[in-house]
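These are the residues of each chain, in order.
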Amino acid sequence: MRGLYLAEGAMLVQQARLSLIGNNLANLNTVGYKRDDVAQTSFGEWMLYQRGGGATPGVSRTLPAALGSAAHNVAVQETVTNFAPGPLQYTGRNLDLALSGDCYFQVQKEDGFLYTRNGRFFIDDAGFLVTAEGYPVWGVDGPLLLGTEQVEIDPDGTVYTGDIVQGRLRLVYFTPEAEPLKAGDNYFRVREAAVSADGGEGRVWASFVEGSNTDLVREMTSMIQVRRSYEAAQKVMITYDSLLQKAANDLGSLY
Amino acid sequence: MIRAYGNFLSGINAFQRSLEQTADNLANVNTVAYKRSEVSFSDLLYCRLQEKRLPVAPLPPASDPQAGLGVRPAAVVPFLEQGPLAESTRPLDLAIEGDGFFRIIQSDGAEAFTRQGNFSVDSDGRLITAAGDYLDTPFTLLGMRLETVAIGPDGAVLAVNEAGEIESLGVVPLYRFVNTAGLFKDGGGRHLATEASGAPVAGVPQENGFGTLRQYYLEGSNVNLGLDMIQLMTAQRALQANARGLVTADELQALTLQVRA
Chain A
69 MRGLYLAEGA
79 MLVQQARLSL
89 IGNNLANLNT
99 VGYKRDDVAQ
109 TSFGEWMLYQ
119 RGGGATPGVS
129 RTLPAALGSA
139 AHNVAVQETV
149 TNFAPGPLQY
159 TGRNLDLALS
169 GDCYFQVQKE
179 DGFLYTRNGR
189 FFIDDAGFLV
199 TAEGYPVWGV
209 DGPLLLGTEQ
219 VEIDPDGTVY
229 TGDIVQGRLR
239 LVYFTPEAEP
249 LKAGDNYFRV
259 REAAVSADGG
269 EGRVWASFVE
279 GSNTDLVREM
289 TSMIQVRRSY
299 EAAQKVMITY
309 DSLLQKAAND
319 LGSLY
Chain B
609 MIRAYGNFLS
619 GINAFQRSLE
629 QTADNLANVN
639 TVAYKRSEVS
649 FSDLLYCRLQ
659 EKRLPVAPLP
669 PASDPQAGLG
679 VRPAAVVPFL
689 EQGPLAESTR
699 PLDLAIEGDG
709 FFRIIQSDGA
719 EAFTRQGNFS
729 VDSDGRLITA
739 AGDYLDTPFT
749 LLGMRLETVA
759 IGPDGAVLAV
769 NEAGEIESLG
779 VVPLYRFVNT
789 AGLFKDGGGR
799 HLATEASGAP
809 VAGVPQENGF
819 GTLRQYYLEG
829 SNVNLGLDMI
839 QLMTAQRALQ
849 ANARGLVTAD
859 ELQALTLQVR
869 A
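Taken in order, these protein sequences are the chains called A and B.
Residue numbers for the first sequence follow this note's numbering, so the first one is 69 and each next one is one higher.
Residue numbers for the second sequence follow this note's numbering, so the first one is 609 and each next one is one higher.
To be clear, the hints were calculated from the coordinates, so they are not data collected in a lab.
Warning: the hint list may mix true and false statements.
Residues of chain A placed beyond 12 Å of chain B at every Cβ, according to the derived structure [claimed, not checked]:
hint, residue
1, P153
2, E178
3, D179
4, P211
5, V233
6, E269
7, A316
Each computed DMTMM-like pair below joins lysine to aspartate or glutamate, with the alpha-carbon atoms no more than 25 Å apart [what the hints assert, rightly or not]:
hint, chain 1, residue 1, chain 2, residue 2
8, A, K177, A, E247
9, B, K660, B, D858
10, A, K303, B, D858
11, A, K177, B, D858
12, B, K660, A, E76
Facing chain B, a subset of chain A residues (Cβ under 7 Å, in silico) [said to hold, decoys possible]:
hint, residue
13, A84
14, L96
15, R161
16, R295
Using N, Cα and C, we set each Cβ at its ideal position, and we do this for glycine too.
The following block holds chain A by itself, in its conformation from the complex (with noise of 0.2 Å):
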């Protein structure tokens, strides 16, 4: 009976991988989206030995046969968010910024800050900088009131009307132990120690946004690897079932 789990267990671990190219393809256009990738592994393996013992000529008959090694099952061991920077798109319009370098956004949700590299943001009513979900957009010294939508901004994250500097963007790095998780709305949450503010490489471009780092090609490759890694599956699922018919069936009958 065996076989016929690893078989589901194949087939599951396809429709996760699907899963996963489902959300990167629908994230094709997303400004600062990151794309997923499956880890699988097989939960260790065990060798398997001929019934009744070893009967291999010169072989001691205390010591079964070994036959070969079996995985117990396979499954997700982890998905992979794949960091690797997107295209900039022009877009023309001062208020998207594109970031170069490893570095986030530092924006404030009323329960914690969380770090995103789409910078497609908005002035709201009371002039702060802000995302499309509304939440402030920090500067070096908290979130940037900016009262204009008349802004340039440096590559160093400067904020200027005209002559006049208005603010700075914060930048920041995560730290290797920040573990970034997705939190949706193209948001990263980090454990709230794993960020810091130097690192210096990064920039931010105005007038451009970060395309999503999906790759067309790459994604319906794999989505043919799924497609035919299931066929393989149920294959082998539909060739254990008839040996099991047989086995059921035919093993007991004389005729």
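For chain A, the structure is supplied; the task is to place chain B on it using the hints.
Just chain B now, with coordinates in the frame of chain A:
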């Protein structure tokens, strides 16, 4: 049930919305003072793969694998850059170069804001828009010779009356908002103030950062054919990719059913 269906479906819906917006932009490539918009997307919430009843290894590193649930349109982002100024021969064609809106009053008395400056005059001497709303000015052109109306870059209006004397009539005021992107587009070039945009702030052309008025000019549409064609192509291909995904999800479903054919 294959869980990927929902993801691909959300993608198809999103890119359809994107195509609609691009079509809207392209249809208004010649509309006076039209501002193009783009749909901006966000990924949906992430759930644990275990909650989707998919196998997850109970082995280290147990990072609790997550799967996304697709995409949603998050915002329609208006692009407010200046449209190109095009010369005209009509004295009542006005373009705003820079920040600001004209305040217009609709037939039901409600206020609206527009940058469409192709005005004409009604029988009461009021300046009216193509849609029939009248421009809110402190003066009328009643008794003036229309061909003599001169509007300065600072909004000051001069005209020669029937008696042949030059009269200074007043200034065309402009209005602006803290968050122009928050205005509600009401069709016909009208924009309505909302809670998000904040209240209108009145001013005079060329003062306090307000724009300059250009008589004998109209502001063109800021639709950028290149950008919108790229939007069109990416949205179309992305939609096709997601449709392909939906077919694949369906094929997996069919394969599952064929196990006991």
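Right, here's what the structure says about each hint:
1. P153: 17 Å, holds
2. E178: Its Cβ never comes within 12 Å of chain B, the nearest being 17 Å, so this holds.
3. D179: 15 Å, holds
4. P211: 15 Å, holds
5. V233: Correct as stated: the minimum Cβ-Cβ distance to chain B is 17 Å, above 12 Å.
6. E269: With a cut-off of 12 Å, E269/A remains clear of chain B, as the shortest Cβ separation is near 26 Å.
7. A316: The claim holds: A316/A sits with its nearest Cβ about 15 Å from chain B, beyond 12 Å.
8. K177/A <-> E247/A: 19 Å, holds
9. K660/B <-> D858/B: 18 Å, holds
10. K303/A <-> D858/B: 17 Å, holds
11. K177/A <-> D858/B: Distance of about 39 Å is beyond 25 Å: violated.
12. K660/B <-> E76/A: 15 Å, holds
13. A84: Check passed: Cβ of A84/A comes within 4 Å of chain B, closer than 7 Å.
14. L96: Holds, about 4 Å.
15. R161: Constraint on R161/A satisfied, holds at 5 Å.
16. R295: 5 Å, holds
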